[in-house]
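Chains as they are written, first to last, in the working numbering: chain A, 946 to 1100; chain B, 637 to 962; chain C, 156 to 447; chain D, 135 to 803.
Fair warning: there could be bad hints in the mix.
[To be verified] Derived pair list, reagent style DSS-like, types lysine-lysine, alpha-carbon separation capped at 25 Å:
| id | chain 1 | residue 1 | chain 2 | residue 2 |
| --- | --- | --- | --- | --- |
| 1 | D | Lys-371 | D | Lys-644 |
| 2 | A | Lys-1085 | B | Lys-685 |
| 3 | D | Lys-574 | D | Lys-337 |
| 4 | D | Lys-390 | D | Lys-370 |
| 5 | B | Lys-685 | B | Lys-718 |
| 6 | D | Lys-644 | D | Lys-357 |
| 7 | C | Lys-316 | D | Lys-594 |
| 8 | A | Lys-951 | D | Lys-246 |
| 9 | C | Lys-431 | C | Lys-316 |
| 10 | B | Lys-685 | B | Lys-641 |
| 11 | D | Lys-394 | B | Lys-853 |
| 12 | C | Lys-316 | D | Lys-390 |
| 13 | C | Lys-358 | D | Lys-622 |
| 14 | A | Lys-1070 | D | Lys-246 |
| 15 | B | Lys-822 | B | Lys-721 |
| 16 | D | Lys-246 | A | Lys-979 |
| 17 | D | Lys-192 | D | Lys-179 |
| 18 | D | Lys-644 | B | Lys-853 |
| 19 | C | Lys-316 | C | Lys-299 |
| 20 | D | Lys-390 | D | Lys-337 |
| 21 | B | Lys-957 | A | Lys-1085 |
| 22 | A | Lys-979 | D | Lys-179 |
| 23 | B | Lys-685 | B | Lys-663 |
| 24 | D | Lys-393 | D | Lys-442 |
| 25 | D | Lys-533 | B | Lys-925 |
| 26 | D | Lys-357 | D | Lys-370 |
| 27 | D | Lys-438 | D | Lys-420 |
| 28 | D | Lys-452 | D | Lys-420 |
| 29 | D | Lys-394 | D | Lys-438 |
| 30 | D | Lys-370 | D | Lys-452 |
| 31 | D | Lys-644 | B | Lys-925 |
| 32 | B | Lys-925 | D | Lys-648 |
| 33 | A | Lys-1085 | D | Lys-166 |
| 34 | D | Lys-442 | D | Lys-420 |
| 35 | D | Lys-533 | C | Lys-245 |
| 36 | B | Lys-685 | B | Lys-639 |
| 37 | A | Lys-951 | B | Lys-639 |
[Unchecked claim] Covered, in the sense of this in silico footprint (three residues per stretch, anywhere, with C-beta under 8 Å from a C-beta of chain A), are these stretches of chain B:
| id | stretch |
| --- | --- |
| 38 | 669-675 |
| 39 | 843-850 |
| 40 | 903-910 |
Since the hints were derived computationally from the structure, they do not count as laboratory data. For each residue, glycine too, the CB sits at the ideal point set by N, CA and C.
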Amino acid sequence: MTEETKPFEPVIIGFTCNWCSYRAADMAGTARIKYAPNIRLIRLMCSGRLDPTFVFKAFAGGADAVLISGCHPGDCHYVEQNYKAMRRFHLLKRVLVQMGIEPGRLKLLWASAAEGAIFAAEINKFVEEVRALGPLNWAKPGELVSTPIMEEVTA
Amino acid sequence: MSKPKFAMYWAASCGGCEIAVLNIHEKILDVDANFDVAFWPVAMDAKYKDVEAMEDGSILLTLWNGGIRNDENEHIAHLLRKKSKILVAFGSCACEGCIPGLANFSPVNEIVDTAFSTITTDNPDNIRPQSSFAMPEGNITIPTLYPVLRTLDQVEDVDYYMPGCPPESHQIAAVIDLVIQVLQGKAELPPKGATIGAGNSTVCDECPRKRNVKTIKEFGRIQLTHADPELCLLEQGIPCNGPATRSGCNARCATVGAQCIGCYGPAEGVVDYGARLISAFASVIDSNKPDEIDKILDGLVDPAGQFYRFNLAGSLLRSSKSAQKG
Amino acid sequence: MKQYAYYPGCSLESLGKSYHLSAMEVSKALGVELKEIEDWNCCGATAYFPVDEFLAYTLTARNLAKAEKTGLDFVAPCSACYKNAFFTNKYIQHDADLADHINYALEVDDLHVSGTSRVRHLIDIFINDVGLEEIKTKVTNPLKDLRVAPYYGCQILRPRKEHEDVENPQYFENLLSTLGAEPVNYSSKARCCGGSLIITNRKAALDMVRILLQDAVNHDADVIATTCPMCNVNLEVYQAQVNREFGTQYAIPVMYFTQLMGLSFGIVPGHLGIGKQQVSSESMLAIAQNTK
Amino acid sequence: MTERIGVYICHCGTNIAGVVDVANVSKWAGEKLADQGVVISRDYKFMCSSLGQELIQKDIKEQNLNRVVVAACSPHLHEKTFRNACKGADLNPYLCELVSIREQDSWVHTDKAAATFKAKAIVSGGVSRVVHNEELTPLKVPIHPATLVVGGGIAGIQAALEIADAGFHVYLVEREPSIGGHMAQFDKTFPTLDCSACILTPKMVDVGNHPNITLLTWSEVQKVDGYVGNFAVTIKKKPRYIKIEDCTGCGICWEKCPKKVLDTVFEAGMGNRKAVYVPFPQAVPKYPVIDDVNCTYFLKGTCKACEKFCPTNAIDFKQEAEVITVEVGNIILATGYDLFDARRIPQYGYARFANVYTNLEFERLCNAAGPTGGNIVLRDGKTVPKTVGIVHCVGSRDKNYNAYCSAICCMQGLKFAHLVHERTGAEVYNFYIDIRTPSKGYEEFYNRLLEEGTRFVRGKVAEVSDFARVPEEEGKLVIQVEDTLIGKQRRIPVDMVILSSGLQSRHDSKDVAKLFGISCSADNWFIERHPKLDPVATMTEGVFIAGCVQGPKDIPASVAQGAAAAARVLGKIQQKEIALEPVRATINADQCSGCRICNNMCPFNAILFHENEMVSEVNPALCQGCGTCIAGCPAGAISGTGFSNDQILSQIDGLLLLNILKAAVPVES
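Bound conformation, chain A alone (with noise of 0.2 Å):
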């Protein structure tokens, strides 16, 4: 298949904390549960781990979309933290619709331990969403010098 006609996969940057989404992600492994293979899981102790920075990262790097997750609010291992991740997720969004980046490319997901087949739908459903919006295609650095021609508009 050539570029062209290649469906768009979107690459998905995923943080899950090391309680309850990670361990769902296992759970979806052990009970074989499949889903898409275009997210790409990084571990953190806890969903109040994240930093905006990482997502800014993972958009700048070329991540067409970004998936918080961690425990169930009031079931956070650290008792309350995932509020706070919740509380920088709903500032967080708006920044990234200023830049021109839709909200549909970062999701925030409560799952337990427990709740692996709902982590693999989850993850399925966000690929599709994150497909139907397309690729982003951040530019490099480099990528940002190309010249534009202003219209010529004379009297």
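Starting from the known structure of chain A, arrange chains B, C and D on it as the hints suggest.
Leaving out everything else, chains B, C and D in the frame of chain A:
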């Protein structure tokens, strides 16, 4: 022996940096006493060809202010890099894009439209500048705009960074003292890539206001609130960038009752200035209910502007998607 | 002056006349204006809903639509009307599709319903809008020593609306104490009165009525107070039949809470429709007016 | 130093190799990641096998690797294995990174090309990350040998005795004037029916006399500072107004005290006590307490009868609260439960009808030492009930109140049924949803009850009323219930109703949890570290839970947990010191501007603020390593070991290394 050469160049910026340099009072005499001003378009007449003629590395110190907005900026950046031993990104524009960098929110054609086709411009025939125009005498050209503004270190190798919009005069003076002492062999240059003329903590470090544990129930705009003059502004819901902004200005704004807007840029080792503020502000929001959180966040009318006023071009994303498309 | 869109419902024009009279008198005394909804229609009662739910909702919705026009709260004195209106209103708020269908039907009448008006029961506005404090100031003839069995009935409580505890509500008792009466604490205050079973299975219904009467009598109630014409009819009008059926001798007056309020305000019984009852209210009046 | 990284791709038999082209991945890593410092890349059948581990160790030595990336199963499975392998080869274990290409790749994907491609991404992510891994050593904290036990019920008593008998000191704090808890209020215990007091009292006495136990009754914990191994606990000793050094517990004071007070605590409102009192005769300690809320002297300034008659002048009205601080290494919370308030279900008539009792009231009623001397009579104090209804699941298994099962009520109900039957010969009805008797000897007890002729009606009671429909119901309490076994509504007239009120978390459990830095479930029971494998530990190191504080349970289970918690604590004490995972946050004091944004970000109170220096600091022993403060610090002044910014940012780079080919299906490779 002849005095070492000094240069200063003004790219995409407002010129405030030049004034700040002249604003160091009698210290400017030390500059004159210790340096030959080789190239300083604002202060003295000079031609690019003169610089081109110079030997590589013949300029000891070049203070570069302004971002890279067009091909001319880039050309001179490469030129001065070649000719200078020490290239300093001087001021917020050179370091992180500053206000001109905010143009990175909009595609270049929109910027041109705003400049030439809005009510503030008297341009009935809607004439636009063209990068090159054929005249009987031959082609005349003006620099071509790039889609987005870049910081100096995004196009050239930078030795030192000196933040501030503009850098505080006392900091400039201190840096000049340092360089002179180095010339006299009395001091060492800081390691390459270091930030000079600033502290390595944040504005709060120099801010006299009282601070408590923070919880924010509501964000407000300073002009609409009666802020307690003693108390930390952020605690009063006024979005103050002080906590994330590099120290060095003696908390100028906060001490006179205005919130810090972040001109001194990120603190040491920070990858993305805005991300720090997004995370910090959000973390202290006093709610766990999504809709309530959103209500509180509505108080921040322009988050990206709030967090990236000076740092957009220097941030991880650098520009908005629409700007990238040119 | 507090204003309400008043939906009397059919009963208050016939069997429940005295409820209507007393409600008006009391409202007047409390500075409450009950503005009767023009050209109101049947609420669907208990019979229509099982037959055709959608049409029944539409029927009630028409009254709601008219109330919405006035921008006033919809007030029903009859618990059955109240329940029907309350839920219809709720469904209209939450079921856009139902709302569309209803409004399509209402167009014929140039009416539109959006579920914006609050649906209230008469006792609710007296207690929560006027307030017991205010009511107290109007009490010129405290119903001293009058033991009243507050009978809530079911439809004002169940299915649960936004109300307090449906198992053991207290507001009726509080109202009665405010009037100077002694509310009796008996188990059956929220038990079914038989409702329209009185038509379909009279014997069963009569037994249910008997339970209520007996429980009230067991607790030495001088009178039973009701908030609903249907309950009132079952408890009052059918007392004789209960006696016939079970060989009992019940003769316990049954009054609308508005009638008792009226008495405590010193309004003459006649104006409150007292005296027209099948069960003599003399014993009760004697105590209420301290002429015993 | 220049990186020398070894990459090891595990086949896991066919678990990984079946889907991922492991040879291809390791070859790719060896070539394409060489510039990042990969000097060797291998694939092997079972990396976790001893042979696989030796392979790594051999390379570390011969190739002098200074970083290792293993691509195999989930870190939760074998991270320790491979870290230890590296340790075995004198490489700091934290320089080894395990990335999962099984649970997160081969097991969840079918497209081999895509899975192989993803595996490469994952490996390259691991490589870029491991470059920034630092040598770490677990923090060691010394363990103070003393232990704090909060709550003097049976669970707390058991825990305290176990530890004290092992030769270590225990501070046992109890809110009430005496230890004993709920168990002291009971008459008999199911299923053996041995007398509660008889088996409990000796243990209470042991606690009272034990040289290793400092008993602090009539006291409450106010503040907890420090961390595992080194807690500093502030305890408030409420004034007893009794000089315990002089008091002999002779009892003259409460004989002479003229002031009767309704005892709502120990007697559950069934009986009275005096204003100066011991809750019950076998109380430990034996010293009474003057209840200054009700004592005539405190109310009117006169009386002092107790003082007059006290033979040893032990009364001291001037006594004031005393605040002490104790050092302990571990804490056991055994603060027990509250009873569900039956008033919340008005249709059951409690507090409306005299002869509706709660289970605790009934315990007192049939207790030989109780207000009626164990005679089961109605509130009038004389009438013996002829029929008794026992309502199960009051406030339990009911989403209007508590959705959970209170575990003890079935057996308690059966016990009551037996006692009533035995002592009054009355007819007893049990109204139940299900009878649950899953424990040693419980089912047998149930059968015994069935043989005794106790009646069982399967159905949730609708209401208890005093209304008689038929003459037989006159003057009785009528229980209306649907008998779901015969599918009929039944009305059963009884003389006495006993409501088996469920168990609830303590009204103040939230505050207590906050005080000790642990968390509560939705029902406010304290949350254990693991519901199956670690039932008495909590997420907070050094804080353990035992008994009903963790959830409803009966006496045997509470005792077992008390002992289990004690065993866990003893284990820690024996270690003398404990090692904490070195995943921790630290604040760079030079960069910290003291903005205090991080100050309320730590639920474990690990971040303290130094007013004078105006900087915040993380206490490494309290820090649990979640990293929330790191992400939240506006100055970037907080860094975290194990999950540093550099590690994660580089991992992102690594994961995206290949995404220039915008497809999960690889073009190159």
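Checklist entry - Is C:Lys-316 close enough to D:Lys-594, meaning Cα to Cα at most 25 Å? => result holds (24 Å)
Checklist entry - Going straight from one Cα to the other, do C:Lys-316 and C:Lys-299 come out at no more than 25 Å? => result violated (33 Å)
Next on the checklist: A:Lys-1085 and B:Lys-685 were given as a pair; does the straight-line alpha-carbon distance stay at or below 25 Å?
Outcome noted: violated (33 Å)
Next on the checklist: Checking one constraint from the list: CA of D:Lys-452 to CA of D:Lys-420, max 25 Å. Satisfied?
Outcome noted: Roughly 21 Å separates the two Cα atoms, so the pair holds.
Checklist entry - Quick one, are A:Lys-951 and B:Lys-639 close enough, alpha carbons at most 25 Å? => result Violated: A:Lys-951 and B:Lys-639 sit about 64 Å apart, past 25 Å.
Checklist entry - Are the Cα atoms of A:Lys-1070 and D:Lys-246 separated by 25 Å or less? => result Answer holds: A:Lys-1070 to D:Lys-246 is near 21 Å, not above 25 Å.
Checklist entry - Holds or violated: D:Lys-394 with B:Lys-853, Cα cutoff 25 Å? => result Cα-Cα ~51 Å, so violated.
Checklist entry - Between D:Lys-644 and B:Lys-853, does the CA-CA distance stay at or below 25 Å? => result This hinted pair holds, its Cα atoms lying about 23 Å apart.
Checklist entry - Does the structure keep D:Lys-390 and D:Lys-337 at a Cα separation of 25 Å or less? => result violated (30 Å)
Checklist entry - Taking 25 Å as the top limit, are the C-alpha atoms of D:Lys-644 and D:Lys-357 close enough? => result Given pair D:Lys-644, D:Lys-357 holds - Cα atoms ~15 Å apart, limit 25 Å.
Checklist entry - Are the Cα atoms of D:Lys-370 and D:Lys-452 separated by 25 Å or less? => result holds (17 Å)
Checklist entry - Going straight from one Cα to the other, do B:Lys-822 and B:Lys-721 come out at no more than 25 Å? => result holds (19 Å)
Figure legend: structure checked against the earlier numbered hints; hints not met, in rising order: 2, 4, 9, 11, 12, 19, 20, 23, 37, 38 and 39.
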